Every structure is written in structure tokens, then in C-alpha cells.
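Which chain is which? The protein sequence lines are Y and G, in order. If you read the first sequence in the numbering used here, its first letter stands for residue 1, the second for the next number, and so on. If you read the second sequence in the numbering used here, its first letter stands for residue 1, the second for the next number, and so on.
Derived from the structure by calculation, the hints contain no laboratory data. Quick caveat: nothing in here was measured; it's all calculated off a predicted structure. Backbone N, C-alpha and C define an ideal beta-carbon position, used for all residues, glycine too. Errors might be hidden in some of the hints.
Sample of chain Y residues with no beta-carbon within 10 angstroms of chain G, all distances over it, derived [said to hold, decoys possible]:
| id | residue |
| --- | --- |
| 1 | 22 |
| 2 | 49 |
| 3 | 59 |
| 4 | 90 |
| 5 | 97 |
| 6 | 114 |
| 7 | 192 |
| 8 | 211 |
| 9 | 260 |
| 10 | 275 |
Keeping only pairs whose Cα atoms sit at most 20 angstroms apart, straight-line, the calculated EDC-like set for lysine to aspartate or glutamate is [claimed, not checked]:
| id | chain 1 | residue 1 | chain 2 | residue 2 |
| --- | --- | --- | --- | --- |
| 11 | G | 64 | G | 275 |
| 12 | G | 107 | Y | 50 |
| 13 | G | 79 | Y | 48 |
| 14 | G | 289 | G | 33 |
| 15 | G | 116 | G | 277 |
| 16 | G | 107 | Y | 48 |
| 17 | G | 203 | G | 192 |
| 18 | G | 111 | G | 129 |
| 19 | G | 187 | G | 206 |
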Amino acid sequence: MSASEPTIPAAERRWAWRPYALALPALVLLLAVIGYPLLTIVARSLSEPEWGLQNYIWFFSVPINLTVLQRTFVISTWVTLVCVVSAYPYAYLMTAVGPRVRLVLLLCVLIPFWVSGVVRTLSWVILLQDSGVINSVLRSLGLGGVRLIRTQTGVVIGMAQVLLPFMILPLYSVMKGIDLRLMRAAQSLGARPFRAFFTIYLPLSLPGVYAGAIIVFILALGFYITPALLGGPRSTMLSTLVQTQVLSLLQWGRGGAMGVVLLVTTFVLLALAAPVMRSKYREAGRH
Amino acid sequence: MRLKLGHAACVAVLLAATAALAQSKPVAGEVAEGSLKGKTLTFVSYGGIYQDGQVAALKDFVDKSGVKLLNDGPTEIAKLQAQVESGNVTWDVVDTDDLPPYVYCGKLFQKLDLTKLDVSKIPEGQVGECSVPAMNYGVVLMYNKEKYGDNPPKSWADFFDTKKFPGVRGIDGSGSPTGGLLEQAFKVAGGDPKAMTVADIDKAIDVVRKLGPDTIFWKTGAESQQLAESGEADMLMMWTGRAMTAVKNGAKYAPAWQDWLVVMDQMTIPVGVKDTDASYALLNAYLGKHAQETLAEKTSYTPINNDAQPKVDASVAAYLTNTPERQKQGYKQNFKFWVPNFAVAQEKWSALMAGN
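The shape of chain Y in the complex, shown without the other chains:
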């Protein structure tokens, strides 16, 4: 394999450090504001109140912690699914329309970005609550009320709306690179639209789905405000428990341990998902 690799001219090699130099500011920033605090959290989780695994033992011995950890992943998975399903056609539409409509569609995605998450969540409260807009409309149509607020459904709806742009944008950027003539070619060779979509378009768009899904999933894991306002006790997520430990009980060690558990679990899940994604990438590349 290596023999067939093109040799890099010496002149080019001399400048090989350049990309690193250009990335230096970002690297320094990441190390300072992510790396260092993260190490501190790990250290505190192992050293407070004394050195040892006490905080981790505590975490796994309190049933509610495990319930909430599991719930955090379940809610995040639902949010990711809702985002994929609703973002996919939207992003596709963005590639299919003219530039002016595309701009409007893009603005519809971006404008919520400029509104604070708290404000957006509070508007969901007004929409979803028992005496809220949705239920008033349903009742006036004689359909009876639905329980939306303080349920997991309500939390998933609210979170999905907040996170939708993180799904649409990567999807759109991949989809706009897909050559639509491939679809026409497939159809001219006798494939029905359905078949053409599943064998050609979907695999080619998968990198966008994965990128968006990973961003949404990871962001969802750390959500705090939305579940707190739209959910009830049964949709409390791990960040709320961390907050109680740190801010109210000054148990930095336990709070740190919870953060580390969440981080490690996420890594493990992503590592498990990686082979699937990689094989799909390859498949997509082959088409």
C-alpha cells in the first residue's frame, strides 16, 4: 500500500507545519477552556472529599442516578430521531428550490438561533400547557385535551425545536453536493423513484445525517433549561442532578463524577456506533 502512495516533494514537506500553526489559536483555546477544566473535573471527582473512587461508588449505588442517566440517553435518542425525520425533507427542499425561497427557508432555520433558548422554551410552555393554545384549540374542536406539558413528549418536542438547526445545516451542506442527475440516471435505467431514493440518494446523504445526529445527540445530553421548564420530575435529566450536587450541596466531587460518567458513556456509545457509520460511509463512497 505505502509504496503506491505518492511521495511528497521536499519543498512541500518543509511547509507541512503550517496547518498546525494556523490551528494554534483554536488548539490553545480548546486546551485552556475545555481541556484544563475537564481535567480539573476528573481530578476533583477522584479527590474530593478524599482520594478514591467514593464518588463513582456513590453514583452507581443510588438508583435514581441510574434511572436519570438512562432517561437522559432515552430522551436524547428520541430528540435525535425527531430531528432527523423532520429535518431530512426540509433540508432536501432547500436543495430543490430556487435561491430566493432557499433564503427564506434558511432564515426560518437561523432566526430561532438568534432568540434565547429560555424564551423559546417559555413559548413552548404557553403552547403546550393544559390551559395553553394547543389544548384550547383541541377542546374547542371537541377533541378533549392532551397532556403535553410536564411529560416526556413535551420535553422532546421542545428540545427538538431548539436543536433542529444543528440537524438541518449539516444535512443541507451534504445534500447540496449530491448530483441530482444520478437520480435521473437511475430512473432512466428503470428504477422507480422510491428505489432510486433508497439506493442512491439516501446513502449519499448519510454523512450529513450522521454528522447532524451526533451533534444533536451530544447537545441534547447536556440540556438543562428545556427539560426543567417543559418536563416534570419524570423527565429530569442528568444535568439537573449535577446542578443540585454542585450548587446546592457543594459536592463538587459527586458532580464531577456524574459528568465523567456521562462523558464516558457517550464515548462508549459513539464507539459502538462508529463501525456502522464507517461501513455506511464506504457504501456511500462506492455508489
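Assemble chain G onto chain Y, guided by the hints.
Same frame as chain Y, now just chain G:
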């Protein structure tokens, strides 16, 4: 000759010092003209209309002493702990919840030297080892007048009785448990709050849990107000300031004052502040009659100077808690019990909040 002069100087200094000491017996609300010129104090509280009112109450102090007053917030004990641990305390006077100054007295908060403060006008029993009250307010049971009509709930016992009084309850789920509420719940379970033990915390929390899955645990004061104004909840545990505002905004709710829970914020001086005396000066000024009147007028919270007579309109006055009638109805939590058991209660309460 030189020696004599030295002696004379010593005597003069001593005399001056004695005079200063005699003079410095503090009077609440007073501060010496220009005494803090060139100094800076950082005052930390919970922001919003409340901290604005506190700053307005301190205006005379700032004008007279010449101090530069900075504001920060919201109060977070974890942040204060980080400052104390790192030896770099930038918060000079901190407004906290009820329990922290008792739980962390001497660790995060200085034991107060009461010769530096005039606490004579503070309502009885409110001065702690590490804190003076910041204001008084209450946690009160508010109910939907339309829902309950002629047979309204009258006490916390009714609040916990979902058979006699069906309907959705709203409870303070903003973080820490409210000791007074758990004591009332324990009473419903047949216990005596005065003789509560750690094991009884579970019994009390069970009473809250039995309210059922419809119960709303509100996260912020604003949310509790919204629950009343939209009619989402039929009975609400509310802070008096929020209750007053909700009713003012048209919520068809009324208070049941029996056993309203007495709460206050606490004013503290953190361990390790750079200029302790300046912090004391601020506290002492804050306790003054005029300062407390301003505070009450701006925030509608109850002043903690017995002489204060704020000019407030009837809707605000209805929720002030320092009238003789309210004082008689008020219920004070068992501080002695909750301080050492704060962590246990918080763990159990958090588990309830997380759906357990």
C-alpha cells in the same frame, strides 16, 4: 523634651482612640461621612427587582460614605466556596437563602461581631451567628377562588388532602427543600415536627409524593406566577411577592394565611473579605429604618426594621407579613433540625424532584 513629646503623642492617640470607640457604637442606618472614600464594595444578591430595591435602599449609604458599590449575582454558594478556597474573595456582602449561613457558619461566612452592628430593631429571633435577615417574606398557600368557591382550603393539611380538595398542586421545586413545608407534611402524616428525626424526612416526603403525578414542581418564581395567572394549578405554594404580583395581574387566587411559612433572606459577610469593617458598615446601613422603608417600597417585601413604615398601596400591604395578625399565623421552621440535616434532606428532595 523629645521623649515627653512622644509621651504626649501616645496619650493623644490613646484618647482619640477611646473617643472613636465610644463614638463608634453603631446605629442602624448610620455611616460616617466620607468614611469609605476610595473603597469599593461588591454586593451580591439575586438580581431583578429585588436587588434593584436593595441597591436603592443602600443609596444613602453610598452617597454619604463615598464608597463605590458594585453589584454581582446571582448568589451561588458554590461560587463563594470557590472564592474562599482560592483565597481570592471578591464578594464583600452576600445575600443568601435561609439555611446556608447556618450550615456554613465560620466556614464560608464570618461569625458576626455584634458590637459592629445595631441589631436592636431587627424582629426577634432573626439574628443568626453568621447572618442578619435581609428581608422577610412568606411562603403562602394560594388557591383558585373559582375552583373551590365556598369551600376553600384553609391550611396545609387541606393542601395535602387530594380527596377533600381535588385539583392540581404546585410546589416550589426550584432546588432546595422548604423545611417548613416538610414539617407541615410530617404533621399530616401524624408526626410532631418539633420531635422530627432524620428518618421522618422520608415520611414527610412521602406525603408530598402522594400528591401524585399531576403535581407541578415549579422551577422559578416567575413560573409559579405564570401557573397562577394561567390557572394551570389549583393550589400553589408561592412566595408572597410572586403571589401579590399574580393577583395584581388578575389571577383569581386568594391566600390561606394559616401557618404561612416564615422565610427570610440572609445578609452575610464571607470569610476572607479584604475589608471586613467596610462590609460591616454596609450591613449596618442596610438595617436602618429609611433603608428598609425604601426596600419595602421598591420590592413589596417586608422590612426587617421594626420602626420602618413603608408607604405602599393596599395590594402590597395585603402581603406584608409584619402585621400582628400575620405574625401570629406564621409558622417558623425548626432551624435546629434542618441545619445539621440539610444535606440528607436535599438528597431525598432531589430524588423526589427527579421522579423517584
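Hints and how they fare:
no.: 1; hint: 22; verdict: holds, 35 angstroms
no.: 2; hint: 49; verdict: holds, 12 angstroms
no.: 3; hint: 59; verdict: holds, 13 angstroms
no.: 4; hint: 90; verdict: holds, 32 angstroms
no.: 5; hint: 97; verdict: holds, 39 angstroms
no.: 6; hint: 114; verdict: holds, 22 angstroms
no.: 7; hint: 192; verdict: holds, 48 angstroms
no.: 8; hint: 211; verdict: holds, 32 angstroms
no.: 9; hint: 260; verdict: holds, 18 angstroms
no.: 10; hint: 275; verdict: holds, 34 angstroms
no.: 11; hint: G:64 x G:275; verdict: holds, 18 angstroms
no.: 12; hint: G:107 x Y:50; verdict: holds, 18 angstroms
no.: 13; hint: G:79 x Y:48; verdict: holds, 17 angstroms
no.: 14; hint: G:289 x G:33; verdict: holds, 18 angstroms
no.: 15; hint: G:116 x G:277; verdict: holds, 8 angstroms
no.: 16; hint: G:107 x Y:48; verdict: holds, 17 angstroms
no.: 17; hint: G:203 x G:192; verdict: holds, 12 angstroms
no.: 18; hint: G:111 x G:129; verdict: holds, 6 angstroms
no.: 19; hint: G:187 x G:206; verdict: holds, 12 angstroms
Violated hints are absent here; each numbered hint is respected by the structure.
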